[in-house]
Amino acid sequence: MNIRKLRRRKLLFFVSVLLGFFVLVFFVRNLLVSALLAFVGFYLITPLVDLLERRGMPRITSVLVPFVTLTAVFFLATQWLLPSFVSQFGSLKGDLPRYLEKAQRLSVEIEAQAGHFLPPETAARLTAQVEERLLLWAHRIFEGLPNYVSDSLTVLFLAPFLCFFMLLDGRSLVRQLLAIVPNHYFELVMNLQHEISFQMGGFIRARLLESLIVGVLVAAGLMIMDFKYALVLALFAAVLNLIPYVGPVIGALPAYLLAFLGGATSGEFLALTVIYGGAQVIDAALILPILVAKIVNLHPVTVVLSIMIGSQLMGVLGMIISIPVTSALKVTLSALYQHLTQFRDEI
Amino acid sequence: MMVPLWENIFRSDRRAKTLEAALRGNLLFRDLTAREIRLVQQIVNVRTYAPGEPVFQQGEIGVGMYIIVQGSVDVTTEEHARANQAPQNQFITRLSNGDFFGEIALVEEAGRRTATVTAREESVLIGFFKPDLMEIVNRNPGAGVKILLGLSKVLGTRLAETTAMIRSLKLNDRIEA
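In order, the protein sequence lines correspond to chains S and Y. So the first sequence is residues 1 to 347, counted in my numbering. So the second sequence is residues 1001 to 1177, counted in my numbering.
Any given hint could be a false lead.
What the hints assert, rightly or not - Dumping the calculated DSSO-like pairs for lysine-lysine here, alpha-carbon to alpha-carbon at most 27 Å: (1) K1130/Y to K330/S; (2) K10/S to K102/S; (3) K1146/Y to K10/S; (4) K1146/Y to K1017/Y; (5) K1017/Y to K10/S.
Just so you know, the hints here were simulated from the structure itself, not pulled from any lab data.
When you get a sec, could you build the whole thing from the sequences and use the hints?
Pasting the structure below:
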């Protein structure tokens, strides 16, 4: 068969398979999240796998050793932390009506104060709206919990499964995909793929390490302070820390809100500020300079826009993954631009 | 038409053996062990070119080298006789089975191709690029060192050849003067 004809057939076949895969990922429940988490796992574990392979282990063993070890560590950590986490979450659920009642009382007080400045109907509407929002928010979180748990369990099994095969066969899959790239663009695409993969790996590892350190510092600080729900709040701060600029602020808000509703002293507020501020200062002063080269900086306007689009498309999950996705797009587009302007530039 | 399974297996085996032989015959991979060659085989890219199809063009950024497994290629350059004149193609050489080209791109940072290489007939080439070299260095540093040593030898030989050529040109100039 003619080479060009064969190439066209191969290209058509692979493009169809790729399209089918994307349709599957976007329309099958939990598959997108699992695939994204598998990618994160892939970039986290790859340096370990390469290290073991460098020591002379076969690829399969190099993948299995860190995979089994990390799975064991994860389950041990879960067993150790889960009871405290569940009890803190349960206690928060139990305390919530009390906090809501206090928030309602507070809004009535604010309404009374604001009544002097606002027309009566506006003030009444404001209180009703605040009450409605608070109840809806609390209802959504706790009613949706069983769904979150069942989704999380599916993801918990599917993501490692996908990650394992990405580590084992990912390279040959990428090679097979590269094989269908037309000769004229091959060097360009191959170099681009390598650059994007390198930068994404650095970005994901840096961001997660940063969040882990912030989470551990907040958890340690809150536990020393003997603050209620320390683990839940630290997890929230760590996850929100993935969002630049606004994330650390939103991550600290629940602790201040709970302290305020719980009638905390000014000393306790100061301690909270030292913990959350300290974690950010340590992050900015010690961790960021080491990792800064690996973190893709996004303009604040881009961050806010990405979060808004993410929340519109996929809710809370969309807000969290919007920044890594935008950063990946930025890396891809800037690498593509650089290549397209330099690669074919004549001397 | 259905292709018999056995024929397929033997064909892929034959292809692997051809690849292995092509790699073994190359100065860069000559000192590698059988296991290291297998790793390289998994990493390199096998590309097929139609007659007249360019492998790369002068002025493009190069990211790696090619080894000819089957077929032949023509190396040409575009020369400007005068600044305002249209460029003219100049034939440099013809390369065939076992020859390799473009290896300087493996060590250059965004270096540009100094010539155009075009397939003369239906040709199969092994592409070995900077990311492939980095992957080998990362996964098997011993093999990486051997390849880099082989590359240094090749570049050293090319430099010695170029120096000798410049010396002879200068000598010719002096004699003519």
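Going through the hints against the structure:
no. : hint               : verdict
1   : K1130/Y to K330/S  : 24 Å, holds
2   : K10/S to K102/S    : 66 Å, violated
3   : K1146/Y to K10/S   : 36 Å, violated
4   : K1146/Y to K1017/Y : 21 Å, holds
5   : K1017/Y to K10/S   : 24 Å, holds
Of the numbered hints listed earlier, those contradicted by the structure are 2, 3.
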